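Chains as they are written, first to last, in the numbering used here: chain A, 2 to 395; chain B, 1257 to 1487; chain C, 5 to 254; chain D, 430 to 755; chain E, -4 to 280.
Derived by calculation from the structure, the hints in this document are not laboratory data. Just so you know, these numbers come straight off a predicted model, no measurement behind them. There could be a bad hint or two in this list.
Claimed, not checked - Covered by chain C, per the in silico footprint, the following chain D stretches (three or more residues, Cβ under 8 Å): (1) 608 to 616; (2) 620 to 632.
As the list claims (entries may be wrong) - Derived lysine-lysine pairs resembling DSSO-like cross-links, with alpha carbons at most 30 Å apart: (3) B:K1358 with E:K113; (4) C:K246 with B:K1422; (5) A:K204 with A:K183.
Cβ atoms here follow ideal geometry from the backbone N, Cα and C, with glycine treated the same way.
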Amino acid sequence: MIKLKKAIILASSMFLSLTSYAQAKDVTIYGVSSESGAFANFGKQGSKGLKLAVDAADDAAGMKFNYSIIDSESNAGKAARKVKAAISKSDARYFIGSTLSSTALAVGKEVDKAGGIYINGSGADEITGTQCNKAMFRWSAPTYGAVNASLIPVLDLHPEIKRVYTITPDYVFGEAMLNNAKIILKKRGIELVGNSYHSLKEKEFSGYLSQAMATKADLLLVLNFGSLATNTLLQADSFGMKDKMQILLVWSSGLDHFRTLTPKVAEGIYFGSQYWHEDESPANKAFVALSREKLKETPNYPMAHYYQMTKLLIDSMNATKSADPDAIRKHLEGLEYDGLTGREFINAENHQVEKYFYLLQGKKASEMKDPDNYANIISKAKYFLPANETGCKM
Amino acid sequence: MLVVSHINSYYDKSHILHDLSFCVKQGELVTLLGRNGAGKSTTLHSILGLVPRVDGDISFNGNSILGLHTHEIASKGICLIPEQRDIFQILTVEENLQLSVKKGSPWEIKDIYRLFPRLEERKKNGGGQLSGGEQQMLAMARALLNNPKILFCDEPSEGLAPVIVKEIVDILREIKKSGIPILLVEQNLRVCEVLADRHYILEQGQFVYECSQADFFSEEAEKMKTKYLEV
Amino acid sequence: MSSSLLSVINLTKKYGDFYANTDVNLNVKEGSIHGVIGPNGAGKTTLFNSLAGSTKPSSGKIIFDGQNIEHLEQYDRPILGIGRSFQVTSLFPDLTALENLRLASQAQEPARGFVFWHGITRKGFGQRRALHMLHRLGLDKQAQTPIKALSHGQQRILEVGMALMSEPSLLLLDEPTSGMGVDDIPQMINLLKQLREECTILLIEHNIRLVTEVCDQVTVLQAGKVISEGTPLEVSQDEKVKTAYLGEGI
Amino acid sequence: MQNTTPFKTYAMGLIAFVILLPLLIHSQVLATEILIFAMAAIGCNLLLGYSGLLSFGQSLFFGGGAYAASILSINFDVSLLTVIGFTLIVGIALAVLVGFFSIRRQGIYFVMITLAFGQLGYYAAFLAEDFTGGEDGLLDVPRVALKLPFLPDVHFDTDISFYILTSVLFVLSVMLMQLVVNSPFGSVLQAIRQNENRAEAIGYRVKLYKIAIFAFSGAITALSGALYALMLNFAPLSNIDIEISETILFMCVLGGLGSIFGSIVGAAVFLLASDFLSELWPRWMLILGFLVILVMLYARGGLWASLMIMLERAKEILGIKEKHNV
Amino acid sequence: MSLYLFQILNGVGLGMIYFLMGVGLTIIFGMMNFVNFAHGAFYALGAYACYVVMSITGSFWAGLVLAPICIGILALGIEKVLVRRLYAVDHSIQILITIGVMMMIREGTLLIWGTVPKSIRVPELLAGIVAFDDFVYPVYRLFIVGVTALIGIGLWLLLEKTRFGMVIRAGSERPHMVALLGINIDKLFSMTFIGGVALAGVAGALIAPIRGVDAFMGVEALGIAFVVVVIGGMGSFSGALIGGLIVGLVQSFTSGFWPAGTNVMIYSVMALIIMFRPNGLLGRA
């Protein structure tokens, strides 16, 4: 009886070790994405982007690329534990993506300890600021860039805007967005007539919206994101606010937001976005074609940025012909390349990828050329603080 | 009309009724006597399907009713006036009555108000605001409206002042006159004496004595009463 | 003449507008067995609950052994020496007979109940006394039987045994024979007769045979009030009592 | 559900379990997480399984323990024992507070009060950014060393050493809880769960006992929260979210109410399933929901009891065969 | 001054929505002493049903009418298979089992409709706002308040003025006695459960155009609905109304001066009320 047990244990542990060491020459890229839980939508799309990039990669430099998806279950603790396990169990070194900033920060610490590379696109500015480390790279514009790249062109387009009302989620991200906006408004001499903070679990924006209308603002500046933003805009639409003022949602989720809101709500509203599939850059055209061919769908932001981050990693492995994290880091630092948003540049001092940020405007349903042609690109721009102002000490 | 043969009733593991057999005939008023805990109420509840396990056979108007749901048994015309009266406290008196109205009943609400003038006075009051006697009247009224073919009366005089008891007895007598048989559980022997046709005495879930009204004052019956009913 | 162990003075209990007990006065002499009888709805159980502490009286006093106890919580009373049984058997159904009794014994030393750092097989947690009680109740063989597997009569006897574990000077019994088979009743009567040697008993009972056989003193309640008091014989002669039980002439 | 198996057998069984676990599942980190959540599930079981109290506020103790340990380890140069001691005090204090208010009510009202405390804890942690890091959680939580007089410091920076630390605390606390449920105190709890009124009538102050078991639950849950934070080097806000309460509750129910070993099985099965199934099928929670319904309807004893029943049957069959052989 | 007025009006508007979320829950509890933690899941399903009907027929009105019917049919099945066995068991077991149901429904919706939130347009007829001076209010919200008021009055009439309501109230107090009057109490229980759950479906369908449709909306609604009925008193119809209004007003006022603290305030208010009024404001003991 006992002998049998021992035999089973021995056999199973041998089997497990065989599977993990058999492909020593392969490079496995780990996608951290929320496959289940409250942000399953984001994670699922992200994983698709990652897979697309890995599948399309050549096995240059004698390396074969694999991927493995770590389901963060929309929970930072889970993600940290699974990443830890992957590092210790499978010697994982390369990680891509996150949904929540808290996940990215925690995973970043782990990967840094293990001496790996972690590219993500999280919103929190600490990633390339106070909490930066040499393992983490960030492919997304910071709050500073997002606010500048979206608010300035809107103000340029609408010189009649004199009064602005803001709606801000009450935590670090919202605070950063608001501060950036205040600086711009002050510079232009535009009055901030009011601001409403709200909690991250808020569903009811009617009170804030009515206050915005009561102040007779010319621009409603929405500084929240995700489903908070969806609710804000749906409710703003039902208040008929579009007829009374301009509305700008700085941190939209791009295509997903348009799909959820439908053109009737989105029409005329300005959206800031990290990505838009209709960008004319060669890399993006190739990517959209690939996605439409392989997946039969138009890529959205999560898919695109996981794809871009993965491709960036694979390209630099090919370029350095190695899977050595240090070599790859050196290669990435200061790299300039053709990215999805155009020419992109990686700042060596804080590992911020300096990419373009879009300002979009929702189209009328009747003017849409194809089912995903929800918006016009009004402008795209890059705004980045000098690395020494971000608080990053690497 | 109602024939109960060899029933045994159980609550969980406790065997409450032991092999009871009795019957109630058309137009009869039969009493079940016995001290507290002798199994009188359990007998009524067993017939009405309120006891989890009952073996034996119970038939009503020739059809077996054992194993039917309480509401099915009740709709066959077996009406219980429960010991606790079980007035719906959150309903008004009138609502309590309306709820019980069933088609075909020889009594209508206006007959009830004639029979129980007090209930008419209090028809807007909540059931919870009634005195014990009024509650008892309401419970009886409710049963009458429910088109009874047989009436089960569980201790109607309990906790009531003598004057009220008298009123209740009068009403029972009137019901009996209308031809509806009554199975009466009662501790108040005087009530039984003036109303009943036959008596059963229960002790520990078994019948210990059975007699007609005529024999109820015989020497043997008196002995039984002393032994099983009196202080 | 022995003195009163328990005195109830003008005890009244209201539920809303309903008076369950009105100005009840009662004296239970030390060493006696005192019965409380009355027809259904007379307020016996309410009185009992006030004595046992599971409800608080609206007014009036309860003096036990020279001490006012009407304000004390239920859990304080066993420790003072008042044990109670329940009308509907109320034991710990999944635990063994022994464990039930042991728990009742352990409760006598409140601090013991909070001992969590070792098991209960050691002496001193009532194990020995519980075994003793089982023996006395004639339930030795059932020591390891869960309560739910015992017969009803055995449960009733255990119900009384539970109350005894606190070594009460006053034992309150709520219908000790309720639901018991005829055959088991003599066993209960025997137990009560034995008990009178060690404590005072106040019992509510319907079984008149039992009351006349064991009680020294009987109080009769009707509609929440005391209507008669005396020896079983005196009470049974009382016309008021007869009327209360058998009804007035109609 | 009194256990008669000798204490030593339990200890040996537990030690064998903690040695085999990482070998079988081939991941020390996952094994550590299983032990940690098993402790939390036991904390929940003390309330629900042994005392009949359904608490939706376990996240408060778990998260509270995690924050307490993290804040202390980040800001002060302390020994591991100090951190554990402080965590236990915080856990007990929170539990006594919740217990004191919630046990006055029963049924759904009890559940709602514990839920309200859990939610208040969440929002308090969210708002008290200076102490808890708010949404980002507390990062860089160091695994403080065990400092003993006259001996070199013991560090727990590797996965294996931390697993050993967790195992030791796990075995100790499970043994303690096993003692508790079989102690005089535990017997009173069983009595209260089965018949509260009678327990009070024979002289037990039921409320005090309920608060006391809350304290035990709070202590072990807070300790598990603290270990979780040290394991991750990170104390996320999600530690104190209602979802953690739910997860702990599911582990406890799945494994079996009223059985300490059940909770260990429940935690292991839940975490292994979420680890493997979530990668195969993101909608695996559908099965989990179904399982919870099944267990509650047909097998209150949970997976552990079902396992035991199967073992018994197997033994019976074997036993019969042996007899035939003779 | 006008700010306060606005906050009161907005709070009342919210309160009516919360009443709608809670009322089905409270009726089911009051009648059958059944705690339904899957209530929120049915609410979310109501929103999805409305979305599906609307995308097929193109009519919001069809969705609004058919959604509760679909949910009712589903509830009928669940009652027959599962809920029926749970009337007699402990609250805690009811809670754990209905949580299981909630998870299955939530994961099921994700499986069927995917993870992308859906949205429903406010019907043309009800788009736009009404303005009184500075105070503006969307027509659709007024519509919800109106419909909720109508549903509330309808329910009140049904419960207070019809024989059916009388039977339900009587059954909530003494189910045995109702059976003794020859009324099928089990059927009544099924109908109450279906009705209560269908009300959750109505709430989901009505709210969908305001907050969109996603699988997780049920969990939020469940929290709010329970707070509402616990404040008002589990089982009390008017308690649900008062509870809804209290939560609505607390939320409206708190969001004015401490937006991050709205949930803290709501749960604190609930905890305080249970401490001092153990059965809620209008609950029966």
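Ascending list of hint numbers which this structure does not respect: 3
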